[in-house]
Structure formats: C-alpha cells, structure tokens
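Protein chains in written order, with our numbering: chain S, 1 to 195; chain V, 1 to 108.
No lab work stands behind these hints: they were computed from the structure. Be a bit skeptical, because a hint or two may be false.
Said to hold, decoys possible - Pairs of lysine-lysine, DSS-like flavour, derived with a Cα cap of 30 angstroms:
| # | chain 1 | residue 1 | chain 2 | residue 2 |
| --- | --- | --- | --- | --- |
| 1 | V | 88 | S | 3 |
| 2 | V | 85 | S | 7 |
| 3 | V | 99 | S | 61 |
| 4 | S | 7 | V | 95 |
| 5 | V | 67 | S | 3 |
| 6 | V | 99 | V | 67 |
| 7 | S | 3 | V | 98 |
| 8 | S | 111 | S | 7 |
| 9 | V | 88 | S | 111 |
| 10 | V | 95 | S | 189 |
| 11 | V | 88 | S | 79 |
| 12 | S | 61 | V | 98 |
| 13 | S | 12 | V | 62 |
| 14 | S | 12 | V | 61 |
| 15 | V | 62 | S | 111 |
| 16 | S | 189 | V | 85 |
| 17 | V | 85 | S | 79 |
| 18 | S | 111 | V | 99 |
| 19 | S | 12 | V | 67 |
| 20 | V | 61 | S | 61 |
| 21 | S | 3 | S | 111 |
Claimed, not checked - Computed footprint of chain V on chain S; a stretch qualifies when at least three of its residues, placed anywhere within it, have a C-beta under 8 angstroms from a C-beta of chain V:
| # | region |
| --- | --- |
| 22 | 48-58 |
| 23 | 74-83 |
| 24 | 124-137 |
Quantities reported herein were computed from a predicted structural model and do not represent experimental measurements. For each residue, glycine too, the CB sits at the ideal point set by N, CA and C.
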Amino acid sequence: MNKIDLKEIQRKITTSYFEDGIWDLAIGLIFLSFGLLLQYDLPVFVGVAAALIVTLAPLLKRAITLPRYGQFQLLQREKRRFSMLFLLTSLLGLAFFFFIFSSLNESSLGKMIQENSLIFLGIVWGAVMIFVGYWLSFQRLYIYAFLIAIPFITAEWIMPFPIKMIIAGGIITLIGFAVLVRFIQHYPKVNLPEV
Amino acid sequence: MTDPTPEQPVDIINLADVDRVIHEPARLIIMAYLSMVESADFLFLMQQTGLTFGNLSSHMKKLEEAKYIEVHKEFVDRRPHTMLKLTKSGRTAFKEYKKQMRHLFEDE
C-alpha cells in the first residue's frame, strides 16, 4: 500500500472543486462584462453577468458536476478558513480603494499611487488573485491574475483599456469552457443503482 | 487489552490492538477521505478512491456496522443519492489509528 498523505488528500479534495471549469467561466464572465460595461457604457452587462453567475453556476454544478463527480461538504474549519479569506481580501480591496480615492492621503507615496492608480490596481488585483489561488490550490488563478493585471498595468497603451479587459475576460471564459468540455469528456454521467 | 504473558511479547499485543476495521486498505482510504470532509456522497468517494461500486458498497456497510460512518439515503432528481459522514466515534477511531500506526513504527 502506498503512503497515505492526508495533506495531499486535502489538496485533491479542494482542487476537485475547480476541476469542472465552472468557476473559471464565472471569473471570465465577470471581467468580460466589466470590459463590455466600460466599452459600451451599458450597466446592463454587469446585471446580466451577475444574474448569470448567481443562477447559472449552481445550476451547472447541479446538472453537470453532481451526476459525474459527486459532491462533498467542507469541514466546518475549512468553511471558516474560506470565510476568513473572503473577508480578508474584501477588506484589503476596500482599504486600497479608500486609499486611492481618499483626499486625506496627501503624502508623496499617496499622490504617486493616485496618479498611477490603474497600475497599482492591476498589481493589487494580480496579487490578490495569486494569493487566493495559492490558498485554494487553484493554480489556473495564477494565469488569470496575469491576464487581468496586464490591462490595468498597460492602461491605454496600444489599445483602449476596456478592449483589453474584454480580451482578458474572453480568454478566461474560453479556458473555462475548454476545462468544462474536458471535464464532461473525462467524467461521463454515472447512474448509480441504489446502495 | 490483556496483560503481556511470556508467550505474548508486548509488540504483538500492540499490533493486536490495531483497529482491524480501519486497517483494511480500502476502508482506510475511505476513512482518510471522510476525515477530510464534513460529508461526501457515494459517487465522489468512488471517483476519489478509485474503488468500484461493489467494493465501496461492501466496505461502506462494514464501516456503518462498526458505527464509524453514518449513511443518509435520499432521492435527488428521482435518482438515489447516498451521503456518507464520519461519526464522532469514527473520527476518534481514525485519530487513534493514526496515533497507533505512528507509534508502532517509531524508531527508538
């Protein structure tokens, strides 16, 4: 019998949550709609994307993932860990926005950040996504961090910022779709008899 | 546990104490997976452990008889759906088993 590595089992269980590509699709759609909103000035894109993510993601999980891969409930301590992660990243994000847009910050560093807010926003977004990816063992998030940071860091260079955001969101959505197709091919539907 | 006699060296007695319900490799892997989650369904365990339906089903019954797992059966979308969960005694037994195994192979 091979060695039983409980940490590896934990990692395998956590990564299995992202194996179907549904989270990738959700992330891609968020940034795609953000780009479309900026490009066409149509807030409806955000509403449509939010509605799609909120309703479609659980529906896809139920219709595609459950009959092929099954489901699990995280341990209470893991749920607390993820809640803490969500709270921490939200607080960091809020603190950063407050720092950028606050007129209270008149230091030279503050001014530099305000003048280059898009670049710093890109770095912060990228860093947060890498941190979350590491925490959740969701390694594709590293690539997405890079894809999302590029439009912010390059701003209006070569092409407008919203177009770059549409491209980045589109690429992530396509990757998500490819992962989903691979998942469906790899895990056919299983009809279990009564146990 | 019985007291050691001249015919029974202490090491053998320690080995005899090993929980044989958990010690079986397939059941050990099922317990290991279930110890890492609150609960999991039958299909998820099948996919993760690589056990067949029959195998998992029979080991599940043995673990249930030992009261190490709780089995909840329901119908989801008119399909049978079975959720498995470690009981408190199952979690304790698994912890104890890990401790015993570490102790058994400890270098003096």
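Structure-based check of all given hints:
1. V:88 x S:3: Since the Cα atoms of residue 88 (chain V) and residue 3 (chain S) sit roughly 25 angstroms apart, the hinted pair holds (cutoff 30 angstroms).
2. V:85 x S:7: holds (19 angstroms)
3. V:99 x S:61: Since the Cα atoms of residue 99 (chain V) and residue 61 (chain S) sit roughly 38 angstroms apart, the hinted pair is violated (cutoff 30 angstroms).
4. S:7 x V:95: holds (15 angstroms)
5. V:67 x S:3: holds (26 angstroms)
6. V:99 x V:67: holds (20 angstroms)
7. S:3 x V:98: holds (12 angstroms)
8. S:111 x S:7: Cα-Cα ~45 angstroms, so violated.
9. V:88 x S:111: violated (57 angstroms)
10. V:95 x S:189: violated (35 angstroms)
11. V:88 x S:79: Distance ~19 angstroms between residue 88 (chain V) and residue 79 (chain S) Cα, so the pair holds.
12. S:61 x V:98: Violated, at roughly 35 angstroms.
13. S:12 x V:62: At roughly 25 angstroms apart (the allowed maximum being 30 angstroms), residue 62 (chain V) and residue 12 (chain S) satisfy the hint.
14. S:12 x V:61: This hinted pair holds, its Cα atoms lying about 25 angstroms apart.
15. V:62 x S:111: Distance ~67 angstroms between residue 62 (chain V) and residue 111 (chain S) Cα, so the pair is violated.
16. S:189 x V:85: Roughly 23 angstroms between the alpha carbons, so the hint for residue 189 (chain S) and residue 85 (chain V) holds.
17. V:85 x S:79: holds (17 angstroms)
18. S:111 x V:99: It is violated: about 58 angstroms lies between the C-alpha atoms, which goes past 30 angstroms.
19. S:12 x V:67: holds (26 angstroms)
20. V:61 x S:61: holds (29 angstroms)
21. S:3 x S:111: violated (55 angstroms)
22. 48-58: That given contact is violated, which follows from only 0 residues of the region 48-58 of chain S lying within Cβ reach (below 8 angstroms) of chain V.
23. 74-83: That given contact holds, which follows from 3 residues of the region 74-83 of chain S lying within Cβ reach (below 8 angstroms) of chain V.
24. 124-137: Coverage by chain V is violated here, the residue count being 0 at a Cβ distance below 8 angstroms.
Violated hints, listed in ascending order, are 3, 8, 9, 10, 12, 15, 18, 21, 22, 24; each of the other numbered hints is respected by the structure.
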